Amino acid sequence: MADKPVSMEVAMHFGQLLAREARLLNQFQYDEWVNLLHPDIHYSVPSRRSHTMRANRDSDVRRISLDHYDDDLRILKMKIKRLQHPGPSSVDPRPREVRVVSNIEVFNGDRVDDYLVYSVIVLYRNRLLDEDGSIAGSRADVWRGSLDDGFKLYRRTVEITQNTMLLANMNGFL
Amino acid sequence: MSNKSGLLADCVVNDGGQVNRKVFCDPEIYALETERLFGRAWLFLAHESQLTQAGDYLTTFMGEDPVVVIRQKDGSIKAFINACRHRGALLVPAEEGCSKFFQCPYHGWVYGMDGSLHSVRPEGGPCYGERKKELGLRPIRVESYRGLYFGNFDHDAPSLDEFLGDFKYYLDVAFYPSPAGVEFVGGTMRQRLKCNWKLPSENLFADNYHVFAAHGVAAEICAKSATVNMDIGIEPGVSLGYSSTVSGHGVGFNTDGYSSLGLLPDPKPFMEFVDQHRASYVKHLGPERAQLVGSSVNGGVFPNFLFVPGFVFRVVHPRGPNECDMWTWAVVDKQWPDEMKVEMVKFIGRMLGTSGMFETDDCTNMERIATTAKGWVGRNEYSDYTMGQGEEQRHAVYPGFVDQRCSDVAFRGYYRRWNEFMTAENVRHVAPTENSKG
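These protein sequence lines are chains X and S, in that order.
Per my numbering, the first sequence starts with residue 1, numbered consecutively.
Per my numbering, the second sequence starts with residue 1, numbered consecutively.
Just so you know, these hints were derived from the structure itself, not from any lab.
Hints are not guaranteed to be accurate.
To be verified - In silico DSS-like cross-links for lysine-lysine, where the CA-CA straight-line distance does not exceed 27 Å: (1) X/77 x S/268; (2) X/77 x S/224; (3) S/268 x X/81.
The structure displayed is predicted, hence computed values, not measured ones.
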């Protein structure tokens, strides 16, 4: 993909935006986070495979894949409702989470109001007294909007490093 | 009785109604399980749809032994210990692929897809020349039923057919609803839990009791957005379904014909498909059994292969006494159009995947059992599986010892079978004991 650089102002804006987004998720402020999502969002965290280099050609990529996330806004809202609901569940008591976002690169996208934003995220999660885990992923986002009107997350694909999910479950967003 | 009888004497008591929680944490019991249970039971390896062409392979585990499963030129499926015979290096490191040959990354020994040692490197001279025939990959006994391939380390064990017995009646519902059969699509999703492998196994096998308690929050949210009513047969005062234990295998099911579809965002195409094909299910499975297709069904082949059509298909691999890996697949009717297959794969990920509405609560509850079983008092406590004890009976239609859906009947059968495998010295004596009470 040809890199189409953006202005310093736009680049700085997205640095702040991704940091703010991580803070909202760290603080479980899901309603505010949903406000950052485009109505036609596709949120994807694919299952990662372990294939030989020779086999790893396009023709071997599955047409259909059973993924960690492959969701639209309606499904994301359902999952959020569960995460917000007190009661017997894996998120009550709430875990304690910290997200670190870095390696941010911002480019102009295919449309005038699309911005392609790459970043890296590491989620540290600790549950109950001492259940500790972390997961890292490379993100490719498309944010849609403008500096004046704000941006909404239109596409996100997170390529995590784990094949076998060692956190037991994801139970949150990257 | 074996000299291990002291270790196992009080593990499974009251016909399976109580199980000592040391079976969920004790390292000695776990070591014995790898030998007597995983060493002698039929363990799920692969479905035929995962290996379509000659040379297609996937890697998996039997107990903690790595295994490679390979489609042969003649269409048969063979399985081998996934270790070079030379020094034991893991031979096939990828999770799946297609290859005519498999070269050990350590000293370069090359094996054919039939497991034979094809060539060794010449640096060492003729040393291995005459022994090549003996140094093929360690073969595993493989037998199949309805496209499901199982492996067994024990060449004296009763056949897969005997092992499955009357449970085939129920397996057909999940894996052979019509002559077209099913396919595994979407690859394997894997997650590691910090609990004994039997806890996630028994849950899908038999635990209809937990659904509203453990998944109350998720179920309520899903039900609110559902477009059709979904009774799963365990609602208080409702007795829509049955549960049954057959030779240690377990199943729970309704007979309404639709209840597995109620949580799909748009169940209509699925319900229409079931309606259009009901006559063919009847022809293929008989009128009573045909009603199970589309109905809410959960079950498992002893000890660790689990199926909930329309929700999840799974194997639980042991990883020591206190950890396990869950491998999840989406299984769809081969006759479905592509859009329905895609929709079902997405749905399975959303419900029982690693971030699923339901799965995440299950994981946590299992790990919470593991937490209490670590204590001195905890590991000497008994888990209770007495629900419905004495109520189970033979049924005019359905095989096994049958009770209402919300019952521990399949748990008791599971743990009785576990006890048979663990205490029998001779694998021939692990033939199903269907005379024992449900």
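Hint check results:
Our distance criterion of 27 Å between C-alpha atoms is met by residue 77 of chain X and residue 268 of chain S, whose separation comes to about 22 Å. A distance of roughly 13 Å separates the Cα atoms of residue 77 of chain X and residue 224 of chain S; the hinted pair therefore holds under the 27 Å criterion. With a C-alpha separation of about 25 Å, the suggested pairing of residue 268 of chain S with residue 81 of chain X holds against the 27 Å cut-off.
Checked against the numbered hints above, the structure violates none of them.
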